[in-house]
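Engineer: Residue-level listing of the chains:
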Amino acid sequence: MIETPKQTAVDRLTRIDELLVQVIELLKEMKEDRSGEMVLEELRKLNKYKELEKRRWERFNPAKDDEPIYDWTAIETAPGEQVTFTYPVPEGFIFHCDRIQINWEDDCTYQIFTDSEWTAQTDEVIQDLGDHVAIFRPPKKIRAQVEVVVVNNSINNIIFVPFFGGFIRKIKRPGYKKEESEIDIEEEE
Amino acid sequence: MVKIGVTIKDAKTGKVLSKEEHDKRVLDQKKKEAEEKKREEEND
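The listed protein sequences correspond, in order, to chains A and V. Just so we're aligned, residue 1 is where the first sequence starts under our numbering, counting upward by one. Just so we're aligned, residue 190 is where the second sequence starts under our numbering, counting upward by one.
Chain A with its partners taken away, still in its complex shape:
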């Protein structure tokens, strides 16, 4: 079956749903933990953005060879710990990072590094769209890796759940002939 851009967008949304369900199930197991409950509540709020996401993807119409990225992880941290989440870009690809999303906690500090360059810091680039959800929008395409560095300055354990969203695209080689669908997309952009 030939995959159309619209189907790709639908697939991405299905994957977001699956990931959110996984995260929520994971955190339900931690329901006796207060900080886990807080994160669970934030994840419920993420669902509100699903429709916005759907419209955005439909407008964007990514090329059929793009591989969507909606990956997450979760880890509980003790006070005084610094966690570095590293998202490595596969060799031969560029990561078009739409956003990095992580639960926002007071008294904690956040930093973003793209390809080892400092990109964003707490209170400077964070767009707090939800009550407690921080969204970073890296300003460039990422070739090697993106790192999120968080310090738990709280007096309690905190579970951090970062999401990495966007897509990876193969790096074009010299002499590469573009397909018609890709040319159409670039013209639209």
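Pairwise CB distance ranges (calculated):
#1 ASP115/A - GLU210/V: 23 to 33 angstroms
#2 ASP106/A - LYS208/V: 22 to 32 angstroms
#3 GLU67/A - VAL195/V: 17 to 27 angstroms
#4 GLU224/V - GLN145/A: 34 to 44 angstroms
#5 LYS172/A - LYS213/V: 47 to 57 angstroms
#6 ASP233/V - GLU67/A: 49 to 59 angstroms
#7 LYS170/A - LEU216/V: 41 to 51 angstroms
#8 ASN232/V - ASP115/A: 48 to 58 angstroms
#9 LYS141/A - GLU231/V: 54 to 64 angstroms
#10 TRP118/A - ASP212/V: 26 to 36 angstroms
Non-contacting residues of chain A with respect to chain V, defined by C-beta distances greater than 10 angstroms in every case (computed):
#11 ASP66
#12 HIS96
#13 ARG99
#14 GLN111
#15 PHE113
#16 ARG137
#17 LYS141
Below, in silico cross-link-like pairs of lysine-lysine (DSSO-like), each with a Cα-Cα straight-line distance of 27 angstroms or less:
#18 LYS201/V - LYS213/V
#19 LYS213/V - LYS198/V
#20 LYS192/V - LYS204/V
#21 LYS192/V - LYS172/A
#22 LYS192/V - LYS141/A
#23 LYS192/V - LYS170/A
#24 LYS201/V - LYS221/V
#25 LYS201/V - LYS220/V
#26 LYS220/V - LYS198/V
No wet-lab data here; the hints were simulated from the structure. We put the beta carbon where it would ideally sit given N, CA and C, even for glycine.
Once you have looked at the hints, place chain V on chain A.
Structural biologist: For chain V alone, kept in the frame of chain A given last:
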């Protein structure tokens, strides 16, 4: 799916913590919080 790497350090010293050291810190903090909660309940 790409595997997201996680490195945990002590924020003050910058020392990388092993899984065992990290797990112990988390567990100790949980115990501490449980004791505080119990003490608060007793005081109430």
